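Engineer: One-letter residues, chain by chain:
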Amino acid sequence: METIVKKRIKQVLKGDQDAYAEVVEIYKDKVFQICYRMLGNRHEAEDIAQEAFLRAYVNIASFNIDLKFSTWLYRIATNLCIDRIRKKKPDYYLDAEVAGTDGLNMYSQIASDARLPEEDVESLELQETIQREISKLPEKYRSVIVLKYIEELSLNEISETLDLPLGTVKTRIHRGREALRNQLRYV
Amino acid sequence: MKCPAEMVVYMHEYLDEEISAEHEKELRAHLQNCEECQTHFHELKKTIALVQSTSHIQAPENFTANVMAKLPKEKRKVGVQR
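Going down the list, the protein sequences come from chains D and F. No gaps in the numbering here: position 38 of the first sequence is 38 in my numbering, and each next residue is one more. No gaps in the numbering here: position 12 of the second sequence is 1012 in my numbering, and each next residue is one more.
Treat the hints with care, as some may be off.
To be verified - Calculated cross-link-like contacts (lysine-lysine; reagent style DSBU-like; alpha-carbon spacing at most 35 Å):
1. K1045(F) <-> K68(D)
2. K1046(F) <-> K136(D)
3. K68(D) <-> K10(D)
4. K28(D) <-> K88(D)
5. K1045(F) <-> K136(D)
In case anyone wonders, no lab produced these hints; they're calculated from the structure. Quantities reported herein were computed from a predicted structural model and do not represent experimental measurements.
Next comes chain F alone, as it looks inside the complex:
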């Protein structure tokens, strides 16, 4: 069975939380009858979950001090302007 091409578009609209009620109804109805699209949709959701599961990493130690040490020397003095 060839699926309507817009089903994948609707899946992405759904994932972006921008799907209209009408498209969502069509997508749900189609997913109930199409195993292939169900798999596709499931894989997309799994992909997102995997990407989101990457642990949040922190900047290395002394990061701020290292940046501050590299700043160009300030020519003006505090309070001179305005």
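Isolated chain D (complex conformation):
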């Protein structure tokens, strides 16, 4: 995978813009997933994921070809998510939570003909609960938990991606797990 990606990057560096499409295609789901789990909102996630690929493209010349491209790309995406969380404006999106409704969103206020089987509803509710609890974590814990348990990166990869010492990554994962344990223990 990395070999194909590096080949495409070299083509991009030579000015072949189209070669970048394959790079986007390979990593789009991973990057979108990081953004979605970090931000808890599809619209924002799409926005930031696209921005991450744009930034990677514009700065491609500064990418060290000897390193793993995914690490570099995930770092860009994670940093953009953290920036977005920090200066979050009260934007209203359809799937944003409606204040005071305990997890209901605008979709649930729009009448729908589609009826889901009971167990699907249950599992959807569980998924929403988990996402909501992840979204409540402070961003420094959220990023390590997402990279570890959703992207399944190793502690070393997380340390490289976030440019943090390994010890800090471990501490954050421990605290993140403890915080989530408190939030999810009665689920």
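Once you've looked at the hints, dock chain F against the given chain D.
Structural biologist: Frame of chain D, contents of chain F only:
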């Protein structure tokens, strides 16, 4: 009963698959006798399982095309360099 503070540290070492044989032995011995720590450990493992159970989602349709449409226009032509 007050549990040794390091038990929780050992639990996390275990979860990171970085626990030494010695610590693992201590942790196992302690868990056999301490219901509170058993619960704590179980809750940690459940938390991880829950987080891992979130379904993997895919990027929206046309994602790649949308990114490609936003790229700055290339000034250089293919093959000009090198």
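Engineer: Taking the hints in turn, state whether each one holds.
Structural biologist: A quick look at each hint next to the structure:
Between K1045(F) and K68(D) the alpha-carbon distance is near 31 Å, which keeps this suggested pair within the 35 Å criterion. Proximity of K1046(F) to K136(D) is assessed by CA-CA distance (about 18 Å); at most 35 Å being required, the pair is judged to hold. For the suggested pair K68(D) and K10(D), the alpha carbons sit about 14 Å apart, so the restraint of at most 35 Å is met. Distance hint between K28(D) and K88(D) is fulfilled; the C-alpha atoms sit about 23 Å from each other, no more than 35 Å.
Straight-line distance between C-alpha atoms of K1045(F) and K136(D) comes to about 19 Å, which keeps the hinted pair within the 35 Å bound.
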